[in-house]
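Student: Each chain, written out:
There are 2 protein chains.
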Amino acid sequence: MNRRDFNFQLVAALSALAVRGEAVSFPQPQPRVNGKRLNEQLRSLSRFGKNAEGGVSRMGYTDADRDARLYVMQLMRTAKLEVSVDAAGNILGRRAGREATLPTLMMGSHIDSVPQGGNYDGDVGSLGAIEVAQTLAERNFELRHPLEVMIFQYEEGGLTGSRAIIGELTKENLEVVSTSGKTIRDGIKFIGGDPDRIQSVRRKRGDIAAYLELHIEQGGVLDREKIDIGVVEGIVGIRDWEVTIQGFANHAGTTPMDQRKDALVVAAKFILAVNRIVTEKPGKQVGTVGRIEASPGAPNVVPGRVRLSLELRDLDATKIESLFQTIRAEARRIGKEHGTEFTFQEYNINNPAPTDSEVRRMISEAATELGLSSKEMPSGAGHDAQSIARLAPIGMIFVPSVRGISHSPKELSRPKDIESGANVLLRTLLKLDAVGG
Amino acid sequence: MNRRDFNFQLVAALSALAVRGEAVSFPQPQPRVNGKRLNEQLRSLSRFGKNAEGGVSRMGYTDADRDARLYVMQLMRTAKLEVSVDAAGNILGRRAGREATLPTLMMGSHIDSVPQGGNYDGDVGSLGAIEVAQTLAERNFELRHPLEVMIFQYEEGGLTGSRAIIGELTKENLEVVSTSGKTIRDGIKFIGGDPDRIQSVRRKRGDIAAYLELHIEQGGVLDREKIDIGVVEGIVGIRDWEVTIQGFANHAGTTPMDQRKDALVVAAKFILAVNRIVTEKPGKQVGTVGRIEASPGAPNVVPGRVRLSLELRDLDATKIESLFQTIRAEARRIGKEHGTEFTFQEYNINNPAPTDSEVRRMISEAATELGLSSKEMPSGAGHDAQSIARLAPIGMIFVPSVRGISHSPKELSRPKDIESGANVLLRTLLKLDAVGG
Numbered sequence: 029m030n031r032r033d034f035n036f037q038l039v040a041a042l043s044a045l046a047v048r049g050e051a052v053s054f055p056q057p058q059p060r061v062n063g064k065r066l067n068e069q070l071r072s073l074s075r076f077g078k079n080a081e082g083g084v085s086r087m088g089y090t091d092a093d094r095d096a097r098l099y100v101m102q103l104m105r106t107a108k109l110e111v112s113v114d115a116a117g118n119i120l121g122r123r124a125g126r127e128a129t130l131p132t133l134m135m136g137s138h139i140d141s142v143p144q145g146g147n148y149d150g151d152v153g154s155l156g157a158i159e160v161a162q163t164l165a166e167r168n169f170e171l172r173h174p175l176e177v178m179i180f181q182y183e184e185g186g187l188t189g190s191r192a193i194i195g196e197l198t199k200e201n202l203e204v205v206s207t208s209g210k211t212i213r214d215g216i217k218f219i220g221g222d223p224d225r226i227q228s229v230r231r232k233r234g235d236i237a238a239y240l241e242l243h244i245e246q247g248g249v250l251d252r253e254k255i256d257i258g259v260v261e262g263i264v265g266i267r268d269w270e271v272t273i274q275g276f277a278n279h280a281g282t283t284p285m286d287q288r289k290d291a292l293v294v295a296a297k298f299i300l301a302v303n304r305i306v307t308e309k310p311g312k313q314v315g316t317v318g319r320i321e322a323s324p325g326a327p328n329v330v331p332g333r334v335r336l337s338l339e340l341r342d343l344d345a346t347k348i349e350s351l352f353q354t355i356r357a358e359a360r361r362i363g364k365e366h367g368t369e370f371t372f373q374e375y376n377i378n379n380p381a382p383t384d385s386e387v388r389r390m391i392s393e394a395a396t397e398l399g400l401s402s403k404e405m406p407s408g409a410g411h412d413a414q415s416i417a418r419l420a421p422i423g424m425i426f427v428p429s430v431r432g433i434s435h436s437p438k439e440l441s442r443p444k445d446i447e448s449g450a451n452v453l454l455r456t457l458l459k460l461d462a463v464g465g
Numbered sequence: 029m030n031r032r033d034f035n036f037q038l039v040a041a042l043s044a045l046a047v048r049g050e051a052v053s054f055p056q057p058q059p060r061v062n063g064k065r066l067n068e069q070l071r072s073l074s075r076f077g078k079n080a081e082g083g084v085s086r087m088g089y090t091d092a093d094r095d096a097r098l099y100v101m102q103l104m105r106t107a108k109l110e111v112s113v114d115a116a117g118n119i120l121g122r123r124a125g126r127e128a129t130l131p132t133l134m135m136g137s138h139i140d141s142v143p144q145g146g147n148y149d150g151d152v153g154s155l156g157a158i159e160v161a162q163t164l165a166e167r168n169f170e171l172r173h174p175l176e177v178m179i180f181q182y183e184e185g186g187l188t189g190s191r192a193i194i195g196e197l198t199k200e201n202l203e204v205v206s207t208s209g210k211t212i213r214d215g216i217k218f219i220g221g222d223p224d225r226i227q228s229v230r231r232k233r234g235d236i237a238a239y240l241e242l243h244i245e246q247g248g249v250l251d252r253e254k255i256d257i258g259v260v261e262g263i264v265g266i267r268d269w270e271v272t273i274q275g276f277a278n279h280a281g282t283t284p285m286d287q288r289k290d291a292l293v294v295a296a297k298f299i300l301a302v303n304r305i306v307t308e309k310p311g312k313q314v315g316t317v318g319r320i321e322a323s324p325g326a327p328n329v330v331p332g333r334v335r336l337s338l339e340l341r342d343l344d345a346t347k348i349e350s351l352f353q354t355i356r357a358e359a360r361r362i363g364k365e366h367g368t369e370f371t372f373q374e375y376n377i378n379n380p381a382p383t384d385s386e387v388r389r390m391i392s393e394a395a396t397e398l399g400l401s402s403k404e405m406p407s408g409a410g411h412d413a414q415s416i417a418r419l420a421p422i423g424m425i426f427v428p429s430v431r432g433i434s435h436s437p438k439e440l441s442r443p444k445d446i447e448s449g450a451n452v453l454l455r456t457l458l459k460l461d462a463v464g465g
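Top line first, the protein sequences correspond to chains A and B. Per the working numbering, the first sequence starts with residue 29, numbered consecutively. Per the working numbering, the second sequence starts with residue 29, numbered consecutively.
Please note: incorrect hints may appear among the correct ones.
[To be verified] Cross-link-like lysine-lysine pairs, in silico, DSS-like; alpha carbons within 27 Å at most:
id : chain 1 : residue 1 : chain 2 : residue 2
1  : B       : LYS254    : B       : LYS64
2  : A       : LYS289    : B       : LYS347
3  : A       : LYS289    : B       : LYS403
[Claimed, not checked] The following label-pair restraints were derived from C-beta to C-beta distances:
id : chain 1 : residue 1 : chain 2 : residue 2 : range
4  : A       : SER350    : B       : LYS403    : 31 to 37 Å
5  : B       : GLU404    : A       : ILE377    : 39 to 45 Å
6  : B       : ASN379    : A       : ARG442    : 58 to 64 Å
7  : A       : PRO324    : B       : ASN379    : 22 to 28 Å
8  : A       : ASP286    : B       : ARG361    : 37 to 43 Å
9  : B       : LYS217    : A       : PHE372    : 35 to 41 Å
[To be verified] A short list of chain A residues far from chain B (calculated; beta carbon distances all over 12 Å):
id : residue
10 : LYS78
11 : VAL113
12 : GLY195
13 : LEU202
14 : ASP224
15 : GLY234
16 : ASP268
17 : LEU292
18 : THR346
19 : ALA409
Derived from the structure by calculation, the hints contain no laboratory data. Everything numeric in this text was worked out from a predicted model, so none of it was measured. Think of the CB as a built atom: it goes at the ideal place given N, C-alpha and C, for glycine as much as any other residue.
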């Protein structure tokens with residue numbers, strides 16, 4: 029242990045006192061990740077599945093995914109993590125802690141992408157976690173807790189790998205055909221897992237002391253407000269309905285305006301009602317009609333039926349329910365006014381996944397100590413953290429997405445912001461290590 | 029000539045005096061069609077192309093169409109018409125008049141249907157015209173003018189046969205594939221025409237003294253208002269645009285409501301604006317958005333682009349233009365408000381075809397004399413009369429469509445109303461015969 033390492037351990041110890049509310053002043057220098065290395069590794073990772081537009085198409089279970097996994101496992105080994113692939117196909121990098129009885133501190137994310145995706149979604153958190161492990165290894169810094177870095181497989185296919193960890197990947201799920209063309213079962217075999225032993229990867233409550241995930245925001249709030257770090261309040265709940273409006277199809281030439289039961293005019297009123305109801309309440313809830321289909325769909329026929337999608341998202345499940353009740357009541361009123369009928373069929377519910385208030389506090393504090401601005405915000409998108417929230421306290425750290433663009437080759441997060449995010453991840457991990465157990 | 033026929037000729041002569049404004053009292057009995065026979069023949073015609081729902085699928089150039097044409101030609105021969113098929117495939121039944129130099133009085137309609145069509149659209153006017161000719165023949169009543177009954181071919185394919193009569197069926201039109209699967213060229217050969225001589229069927233201005241068409245309303249106005257006869261003011265003009273709204277596609281979870289450029293919310297405002305602008309002006313104009321497509325069209329993506337159809341119809345072309353200008357200005361305002369852009373691409377213009385005021389007056393008078401209620405109304409649908417209007421004065425007689433349903437096996441016009449319509453057709457023809465030349 030050299031002097032620098034000694035200082036580093038001291039910082040951690042003092043940090044622990046600080047979170048207990050005791051006044052401490054930190055010695056300099058602060059532990060920092062190697063931002064240049066991290067950003068170079070991100071560029072290297074982007075070779076795998078590179079697409080013509082400058083992003084990646086590295087869908088889970090493709091050759092590009094498998095090649096990228098080999099690269100990432102090599103980085104983990106360099107960071108002195110014991111690497112294995114679990115039965116679900118997740119990549120696990122592990123290092124023992126000083127206190128053998130303590131539960132694990134876990135960091136992670138994913139490296140699979142959507143088709144025509146970008147170079148940052150998942151990658152920043154995955155390589156950021158490995159960089160934190162590398163930084164600790166280079167300083168011979170041993171945590172009290174065991175450390176795990178998890179690269180969850182096929183996140184873009186519905187949090188596949190992380191759902192296996194909480195025992196929610198069913199036999200039916202395994203038969204679903206993924207974007208790679210393989211079933212999830214065959215995909216798991218392809219990346220070195222064993223779908224028949226999938227239940228063996230399941231963790232219990234208490235196994236994980238806390239889970240941290242660094243991620244790009246995928247929205248434009250931080251970039252627009254010029255804030256360095258987003259402290260995620262929780263991952264929003266999502267409910268989806270298919271809405272059908274039944275009117276009456278008629279000849280557009282021979283049916284006077286006042287005799288129509290035009291399902292598309294009614295749909296237009298509904299779309300504006302959704303927008304108004306969602307917007308007029310304070311808060312960050314969102315409501316979207318993204319898909320619409322009018323039948324029979326000819327320019328010269330008054331639409332007799334419209335089918336459209338309704339999606340509501342918020343951190344608070346009761347708020348989603350209350351918004352839905354208001355929207356449904358308004359739909360009934362509009363429907364009655366026009367002699368048309370609304371039906372709502374719910375086909376998807378994701379419950380909100382709140383983050384842990386103590387972990388949030390540590391993330392904010394870490395940002396402040398690093399001289400970074402931060403704000404609390406919901407995550408509107410789903411993340412593997414959402415699965416792990418079922419078992420353990422979680423925290424998520426967002427870095428800005430330039431212009432909020434994501435799931436696109438134009439996705440961009442700035443090197444400086446990525447480095448800042450990884451430093452907040454490191455510092456929060458140390459705070460957690462100091463207090464846990 | 030028996031006594032009854034003598035009376036009949038007297039009626040026509042007195043009728044001629046009457047239209048000249050001289051006071052005459054009509055002797056009884058009035059000339060009437062055989063309504064029972066007409067309705068039986070309509071039922072017989074419905075055998076050809078009968079579909080499972082009780083209507084017909086008798087698209088132009090199908091076997092059912094050809095078989096039905098043979099049946100209709102037989103009815104024409106019985107009505108003492110000289111039958112021929114012209115080079116365009118129209119069926120022409122002709123009878124000479126007393127005064128060889130006079131132009132022809134023409135009645136007609138069509139017997140082809142849309143797929144899954146009904147038993148009345150076109151058929152009522154076709155068999156109604158033949159019944160009028162039959163009634164005259166049975167009474168040995170010779171008109172002053174030559175009489176022509178025209179069964180125009182493939183009306184549902186865009187007034188095909190009647191456009192040949194005015195010289196507007198182009199070589200390009202002949203290569204279009206019809207709903208039968210045959211090109212129009214092959215279809216014309218199939219029904220006994222000669223597509224290479226199509227220009228020979230063209231009539232000149234002055235060849236036709238007047239054209240009358242009896243038709244079902246295809247809308248619900250007469251049925252709802254319990255009116256026997258519609259006196260058609262004209263066939264509306266139609267203009268169609270493809271409207272594109274360009275917003276910005278974004279993640280529906282991570283994009284706050286106030287940061288969206290949601291093309292579907294903008295489309296909803298546009299649809300309601302069209303409805304409001306078209307409705308708030310007095311008159312019978314109609315405006316329809318019948319087709320809509322939101323891209324990318326996923327429940328979890330804010331729509332970045334919407335394409336929709338806009339159709340405006342009115343008897344007055346300047347009114348259509350003025351409505352369009354108002355709609356486009358409002359669209360620009362809405363677009364600006366939301367940071368989205370509207371483009372309008374016009375792809376279809378049908379000019380309005382007014383009916384002749386003198387012919388309208390005769391139709392109204394004929395209805396009144398027969399003890400029938402009538403009202404002037406536009407035809408919102410296209411008809412062969414619209415073609416002939418380019419060459420000659422036209423008149424159209426509507427009978428009620430029960431509940432306004434058309435282009436459907438549920439299409440229904442009552443036997444009594446059909447008989448009334450044919451009687452108005454007969455009487456109007458006699459009025460025209462008396463004044464013309």
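Student: Can you tell me whether the CB distance of ASP286 (chain A) to ARG361 (chain B) sits inside 37 to 43 Å?
Tutor: violated, 26 Å
Student: Over 12 Å from every CB of chain B: does THR346 (chain A) meet that, or does the non-interface label fail?
Tutor: Holds, because the least Cβ-Cβ distance between THR346 (chain A) and chain B comes to about 19 Å, which exceeds 12 Å.
Student: Against chain B, does LYS78 (chain A) keep a CB gap of more than 12 Å to every residue?
Tutor: holds, 23 Å
Student: Are ASN379 (chain B) and ARG442 (chain A) spaced within 58 to 64 Å by their CB atoms?
Tutor: With Cβ atoms ~60 Å apart, the hint holds.
Student: Classify the label on ASP268 (chain A) as holds or violated, using whether its beta-carbon is more than 12 Å from each beta-carbon of chain B.
Tutor: Contrary to the label, ASP268 (chain A) does not stay out of reach of chain B, its closest Cβ about 5 Å off (not over 12 Å).
Student: Is the Cβ of GLY195 (chain A) farther than 12 Å from every Cβ of chain B?
Tutor: Fine: 25 Å to the nearest Cβ keeps GLY195 (chain A) off the interface.
Student: With 35 to 41 Å as the target window, see if LYS217 (chain B) and PHE372 (chain A) comply at their CB atoms.
Tutor: violated, 54 Å
Student: For ALA409 (chain A), is the shortest CB-to-CB distance to chain B above 12 Å, so the non-interface label stands?
Tutor: Its Cβ does come within 12 Å of chain B, the nearest being 5 Å, so this is violated.
Student: Is the nearest Cβ of chain B still more than 12 Å from the Cβ of GLY234 (chain A)?
Tutor: holds, 31 Å
Student: Hey, does LEU292 (chain A) actually stay past 12 Å from chain B on C-beta?
Tutor: violated, 6 Å
Student: Between SER350 (chain A) and LYS403 (chain B), does the C-beta distance stay in 31 to 37 Å?
Tutor: Roughly 52 Å apart at Cβ, these two residues miss the hinted range, so it is violated.
Student: Does the no-contact call for ASP224 (chain A) survive, Cβ to all of chain B over 12 Å?
Tutor: holds, 33 Å
Violated hints for the displayed structure, listed by number in ascending order: 4, 5, 8, 9, 16, 17 and 19.
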